[in-house]
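K.L.:
Chain order of the listed sequences is A and B. 1 is the number of the first residue of the first sequence in the working numbering; add one for each residue after it. 1 is the number of the first residue of the second sequence in the working numbering; add one for each residue after it.
Do not take every clue at face value.
Chain B is nowhere near these chain A residues, computed Cβ spacing over 12 Å in every case [said to hold, decoys possible]:
#1 His58
#2 Ile113
#3 Glu133
#4 Val152
Reference listing, derived: stretches of chain B covered by chain A, where coverage requires no fewer than 3 residues with Cβ under 8 Å from a Cβ of chain A [to be verified]:
#5 26-34
#6 48-55
#7 77-86
#8 230-241
Simulated from the structure, these hints should not be mistaken for laboratory data. Ideal Cβ placement from N, Cα and C applies to all residues, glycine included.
If you want the building blocks of each chain, they are given just below.
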Amino acid sequence: MIAKIYFAVISIIASEGGGAGLLSVDGGLAFWTTLTFLILLFVLGKFAWKPILTALKHREEAIKESLAQAELAKEEAKKILAENQASLAKAEEESKKIIEQSRTYAENLKQQIINESKAQAQKLIEDASAEIERKKLAAFDELKNQVAQIAVDAASKILKENLDAEKNKQLVDKYIKEISKN
Amino acid sequence: MDSLATQVIVDSLKNTHSESGGSWILHHVMDGNYLDFSPFGKIYLPHLEIFGFDISITRHVVFMWLAAILLTYVFIKVAKSYQNSLIPKGSTNFWEVFIVFVRDEIAKPTIGKGYERFLPYLLTAFFFILFGNFLGLIPFSATFTSNIAVTATLATMSFLVIQLGGIKNNGFFGYFKGLIPHGVPVFLLPIMVVVELLGLFTKPFALAIRLFANMTAGHIVIYALISLIFVMQSYLISPVSVGMALFIYGLEVLVALLQAYIFTMLSSLFIGMAVHQEH
């Protein structure tokens, strides 16, 4: 049945005949088609296809590049993160060490200061004791002399004429020395 | 379609042809020297002649120029929009789909290396045919791609591009030597030469006939279906006629897209075969 329609159409085309059939090529139209198409090809090629295709290419390259760059940046970020974490851990360890060190140092310093001050105090006490001892001795000497003087004075008062003052003093001193030796 | 309907179509075709001194269907499908806005009237176009050669502005020339103007406007606009930003906006998105389709689905796989050189021709042919096909679907318009002169010219362009591409890539003698496949027995050579040379011309010939026939057939069928109403002289047949005509019209939208694709695809395929003969 399609064949029937086909033959009907063909018969019409054929019967037209002459120069006006469906299958006859019109030279004028062919000429205009050639002209139009060539101008179109030139104009579009220059002002449309070239910029469009270049733009598309650029865009595709830009997308490809940015994707690659994003991948690279991701890798970089990963590396930096790992590095950061490592350095953070290191810093923490470092700070722990420093704290430990300073603690030991402070402890030592404390001990040293305590010891020093203890020694100083000891020395002060010792000095003070020596001074006291010295003062005591001096006072004792003074007392001894005064007592001897008083005794001599008293004795000389009593034995005014009898004894020469100088001789008596020597005598008394001798006695006192003997006493102190004992 | 049952056989009765077929008979009716055949009869209607015959009747309309024999009546009124020629077929009105063919007058609608064929070129003419006027723009047909019937029943509102006709606009007659000027008659031009150069050295006795008739180059009148016809209906199809007018619509071809309309398509050319539309194409130029649309694609220069698209090109401009890329200058502002590489990110497509609005209608650029729509046209970009077709351009990328022609580039990535037609030219790249069929031509392969060096396909960029043929892109301007393929893109122009594709959109020229596409716009022509769709212009023909608008009421009161004419389909210039359904004219054998137009399709033959386009096929000649393809033929030239194919041959020039092949010669440029393989050298003049290399190209014609490469046409004959390797390992052909010597006694077959004379036949092969004839066959291959014929093949060069049958390819574009088929291109021209395919586009012309596809774009013409749909219109003829639509007119035939509509003419059923007048042939049978009954309003009762009109729902059937209009319904079927609408269906064919829908089919024609598909065909319009498909034929633009096929013409470009086959041209690209032949270019690829001419350029890379080793395959």
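K.L.:
Run through the hints listed earlier and report the numbers of any the structure violates, in increasing order.
P.N.:
Hints 1, 8 contradicted; others consistent.
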